[in-house]
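Visitor: Sequence:
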Amino acid sequence: MKTIEQLYTKKTSFYHHFFIDALGYGKGLEKFFENYSYLKENIKILDAGCGTGIIIRILTEIAKKKKLDGIKYYGFDLTQAMLDLFKKWISKGNDKNITFKKADVLLLDEQLPKDWQNYDLIVSSAMLEYIPKDKIRQAIRNLGSLLKKDGTILIFITKRNLIMRLLIKMWWKANMYEKDEIKQVLIDSGFRKIIFKNFLFPYWHLNHWGFIIEAKK
Numbered sequence: 006m007k008t009i010e011q012l013y014t015k016k017t018s019f020y021h022h023f024f025i026d027a028l029g030y031g032k033g034l035e036k037f038f039e040n041y042s043y044l045k046e047n048i049k050i051l052d053a054g055c056g057t058g059i060i061i062r063i064l065t066e067i068a069k070k071k072k073l074d075g076i077k078y079y080g081f082d083l084t085q086a087m088l089d090l091f092k093k094w095i096s097k098g099n100d101k102n103i104t105f106k107k108a109d110v111l112l113l114d115e116q117l118p119k120d121w122q123n124y125d126l127i128v129s130s131a132m133l134e135y136i137p138k139d140k141i142r143q144a145i146r147n148l149g150s151l152l153k154k155d156g157t158i159l160i161f162i163t164k165r166n167l168i169m170r171l172l173i174k175m176w177w178k179a180n181m182y183e184k185d186e187i188k189q190v191l192i193d194s195g196f197r198k199i200i201f202k203n204f205l206f207p208y209w210h211l212n213h214w215g216f217i218i219e220a221k222k
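Quick note on our numbering: the sequence shown kicks off at 6 and runs consecutively.
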């Protein structure tokens, strides 16, 4: 995991400007969350692998537009450089109900506070593909242990195809997954209700990048 931290420390700014902005990933996420009812008043949300905070930034803005109060946001990431950018955004007077920590998804028991649990929604965006394939089940089980009984995990993860092999695996050293492969990983990790979703128009091109998976136990 140290290699991943070093990679993202070097490429933090490039990652945000290229992947989030230029490729439209941020806008695609915004469109997705605006059209689904994951946000509700007085819920707890965990952004697993929050990076520069793009998921929480989007969710807080949507919550404000929809006048949804009492939502508490939590995030963790392995890379301090990413968290530093997130901290700058929060310090500009943005939502105060945000808490974040540096942590490794494989070591959550050791690195997260004990009260970080009972989440209504856990979102993992472009993080799990950087976990070694022989440890991804452990990572997902760790996240699942933080969910409420009826909670939902939402995973955005890289799809296996030629374009992603050139762009993601070679550039970013990430793993890629077939649909049946990642579905089986979730089943093995204790999830039973698994639904695949898509990015919406006009961001359909992002479906070439990856899967969106909603899962419940």
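Be a bit skeptical, because a hint or two may be false.
To be verified - Straight-line alpha carbon distances no greater than 30 Å define the calculated DSSO-like cross-link-like pairs of lysine-lysine that follow: (1) Lys198 <-> Lys77; (2) Lys119 <-> Lys93; (3) Lys164 <-> Lys153; (4) Lys72 <-> Lys32; (5) Lys72 <-> Lys140; (6) Lys77 <-> Lys107; (7) Lys178 <-> Lys154.
In short, the hints are calculated from the structure, not lab data. The model shown is predicted, which means the values in this text are computed figures rather than measured ones.
Visitor: For each hint, tell me whether it holds in the structure or not.
Guide: Hints, one by one, checked against the model:
Taking the CA atoms of Lys198 and Lys77, the gap is about 25 Å. The hint holds against a cut of 30 Å. Taken as a hint, the Lys119 and Lys93 pair is honoured in the structure, with Cα atoms around 26 Å apart against an allowance of 30 Å. The hinted pair formed by Lys164 and Lys153 meets the criterion: a straight-line CA distance of about 28 Å does not exceed 30 Å. Only pairs whose Cα atoms come within 30 Å are accepted, and Lys72 paired with Lys32 is accepted, the gap being roughly 20 Å.
Simply put, Lys72 and Lys140 have alpha-carbon atoms about 39 Å apart, too far for the 30 Å limit, and the pair is violated. With a C-alpha separation of about 18 Å, the suggested pairing of Lys77 with Lys107 holds against the 30 Å cut-off. Taking the CA atoms of Lys178 and Lys154, the gap is near 34 Å; set against the 30 Å cutoff, the hint is violated.
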